[in-house]
Amino acid sequence: MRRNLPDLGAALFVLLLGLLTAWQASVIPTSPIYAQVGPKAIPYLVAAGLLALGVALTVAALRGGWSDDIEELQGAAPLNLRALGLLLAGLLANLALIGPFGFTVAATAQFALVAAAFGSRAHLRNLAIAFVVSLGAYVLFVKLLGVNIGAGVVEGLLFGSPD
Amino acid sequence: MDALSGLALGFGNALTLANLGWALLGCFLGTAIGVLPGIGPALTIALLLPITFSVSATGAFILFCGIFYGAMYGGSTTSILLNTPGESGSIITSLEGAKMARNGRAGPALATAAIGSFVAGMVGTIGIAFLGPIIVELALQLGPAEYFALMVLCFVTVSAVLGGSAIRGLTSLFFGLLLGLVGIDLQTGQPRLTFGIPELLDGVNVVLVAVALFAVGETLYLAWRYVEGKQEVRAVGSIMMSRSDLKRSFWPWIRGAGLGFPFGVMPAGGTEMPTMLSYYAERKLAGPEARKEFGTTGAIEGVAGPEAANNAAAAGILVPMLTLGLPTSATAAIMLSAFQSYGIQPGPLLFTSQAELVWTLIASLFVANVMLVVLNLPLVGLWARILKIPQPQLYAGILVFATIGTYGISNSVVDLILLYGIGVIAMFMRRFDFPVAPVVIGMILGPMAEQAMRQALTISQGDWTTFVTRPVSACILAVALLALAGPRLYGAWLRRVAA
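One line per chain: the protein sequences are S and D, in this order. So that you can map any letter, position 17 of the first sequence is 20 in the numbering used here, and since no number is skipped, the others follow by simple counting. So that you can map any letter, position 327 of the second sequence is 402 in the numbering used here, and since no number is skipped, the others follow by simple counting.
Because the hints were derived from the structure by calculation, they are not lab data. A quick note: this is a predicted structure, and the numbers were derived from the prediction, not measured. For glycine and all other residues, C-beta sits at the position ideal for the given N, C-alpha and C. One thing to keep in mind: the hints can contain errors.
[As the list claims (entries may be wrong)] Okay, the calculated bits of chain D under chain S, using three or more residues with CB under 8 Å as the criterion: (1) 118 to 131; (2) 137 to 147; (3) 213 to 227; (4) 352 to 363; (5) 528 to 537.
[What the hints assert, rightly or not] Which residues of chain D face chain S? A partial, calculated answer using Cβ under 7 Å: (6) 246; (7) 249; (8) 253; (9) 268; (10) 272; (11) 273; (12) 277; (13) 278; (14) 299; (15) 301; (16) 482; (17) 540.
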């Protein structure tokens, strides 16, 4: 039977996760406190489980894999690089902007990029909607619920500095 | 406390203005997010967990249960009008429901779904009230060894029995267990699996994982396969059911509710199996005239039965959650972590130590059910309008709220990196058909299972045979083993007989 490369990739990822777990379990300091089962036992068990499952998945992938039997994938649309790329750009923009510029700026940029990823072309209107939605959410969470979600430039101008 | 006096106490509390308000808010929100494709109750409750800092436990849980029940009602609207089921329990509903809608019978389909949900919700909630105290009595006899065995059974059933493949389900479960291990070990104070990153000492936050799996991963997967085009929302029309519609729906409602509730109560919780069974039962039992409508013009029995089974199973899931502290669905797991954030340990003692909370909650489920049938029958046009929110802005909005939910935890960019990282893993899990619910359950139940195991071993002074020499624990573990190996052995046997 033919081996299935994408499935093999997924199986190897599980093996890698098992190895990472085993490595992290081995560096847990041995506890000076007496206990019947130390802090290392379960991490080793989880590592062993992941490795065993990884091996089983690898064997399955080498024997033709399982993806071809997934009903949902029969006739599914191909990879849409543009949509996925714009969406990932939106997530990265948020990561980069939220620290220096605060929630509203970061969320507005993210909103516009995600909307563009899903085919919206009204970029200016999206920016406007994004700004209103983000600012509304900011007021709801920070002022009403008392959960700080990251003040920044816009919030400082509108509500004064956070302290 | 027995069920009747408990309910009397509960209704006394649930009918106060503030608690009615929480219930109404929960029902409204729950229906809305149930209708919207892409958001489910697990994600919504996870995003609302911060309110546990400022709202009383009773108010918060009434809200959460309203969302839980409401999402079931809303889910059926989407699967009928849009033919895209929002959650796994409504897949079956869309089989016949969408066909009825295409033939201009969307109204009666929605009505039978809503009334069926109401009937099943009532049956299920009565079941919780009367079965709960009985299970608590039994559960009080269990020690840590038995608890550990029960959790193992729960792990096996949610990951290996349901879903397409036992290996992939177990892989998801172990990924969840791994996430649950991160942080400081409670018994010895040692940092575990933190990779030396100080932000990970407190562990991976459950909100973060839920948002990553259900919002970020799902949206990424949708973008992966995105094709431009508009989805068609069917018109609702009149929701009046004819006399024959009612007659044909009545028994399916009752049978569906009776079938669904036990499935929810068992630790094999899940709504796929009972809805499927109900569908096949109704198709078998339908008269010759009605049977022709199955799969062609849409048979009302095929909507009424599964929809009732879905709601009754959802109600049943609350039984192990409230009496044993065992969550068997992702939503129940997140509610469990809400209990923990109030410092309440769910388990058999909940019914005595927090009697007022528990009974108010159960009474509120009755209240929510009545509110939901009212919200859903006359207002169904409003919910259908929600479906017309364009996809780009909907998903953009979902991701903005996902960010809020995560960044609000500790304002740390490390959390956001984790969120997006786990989100990308979740996207690949969708692609390779690994179920995501076992991740959440493993993550929340894993640390509890470890604690129970270590307690049991401390009591037995390190003797591992304690799990198999105590009869109840041994029985439960045997059932778990059977659930894991049974279907495979049966399959092998079938092949041998056929050969």
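Legend entry - Hint validity - residue 268 of chain D Cβ closer than 7 Å to any chain S Cβ: holds, 4 Å
Legend entry - Annotated coverage of the segment 528 to 537 of chain D by chain S, confirmed only when three residues or more have a Cβ within 8 Å: It holds: at least three residues are needed, and the segment 528 to 537 of chain D offers 6 whose Cβ sits within less than 8 Å of chain S.
Inset, instruction - Against chain S, run the beta carbon of residue 301 of chain D and see if the smallest gap drops under 7 Å. - result: holds, 4 Å
Inset, instruction - With a C-beta cutoff of 8 Å, work out whether three or more residues of the segment 118 to 131 of chain D approach chain S closely enough for the coverage to hold. - result: holds (count 4)
Legend entry - Coverage of the segment 213 to 227 of chain D by chain S (three or more Cβ within 8 Å): This one is violated; 0 residues, fewer than the three required, reach chain S with a Cβ under 8 Å.
Legend entry - Hint validity - residue 277 of chain D Cβ closer than 7 Å to any chain S Cβ: Violated. Min distance 16 Å.
Inset, instruction - Classify the hint on residue 253 of chain D as holds or violated, based on whether any CB of chain S lies nearer than 7 Å to its CB. - result: With a closest approach of 5 Å, the residue 253 of chain D hint holds.
Inset, instruction - Go through the hint on residue 272 of chain D and say holds or violated, using the shortest Cβ distance to chain S against 7 Å. - result: Violated. Min distance 11 Å.
Legend entry - chain S contact restraint on residue 299 of chain D - CB to CB distance below 7 Å: holds, 5 Å
Legend entry - residue 278 of chain D as an interface hint toward chain S, with CB separation required under 7 Å: It is violated, given that the least Cβ distance between residue 278 of chain D and chain S is near 14 Å, above 7 Å.
Inset, instruction - Please count how many residues of the segment 137 to 147 of chain D have a CB within 8 Å of a CB from chain S and say whether that reaches 3. - result: That given contact is violated, which follows from only 0 residues of the segment 137 to 147 of chain D lying within Cβ reach (below 8 Å) of chain S.
Inset, instruction - Grab the minimum C-beta distance from residue 273 of chain D to chain S and call the hint holds if it beats 7 Å, violated otherwise. - result: This interface hint is violated because 15 Å lies over the 7 Å limit.
The structure is inconsistent with the numbered hints 2, 3, 4, 10, 11, 12, 13, 17, although it conforms to all the rest.
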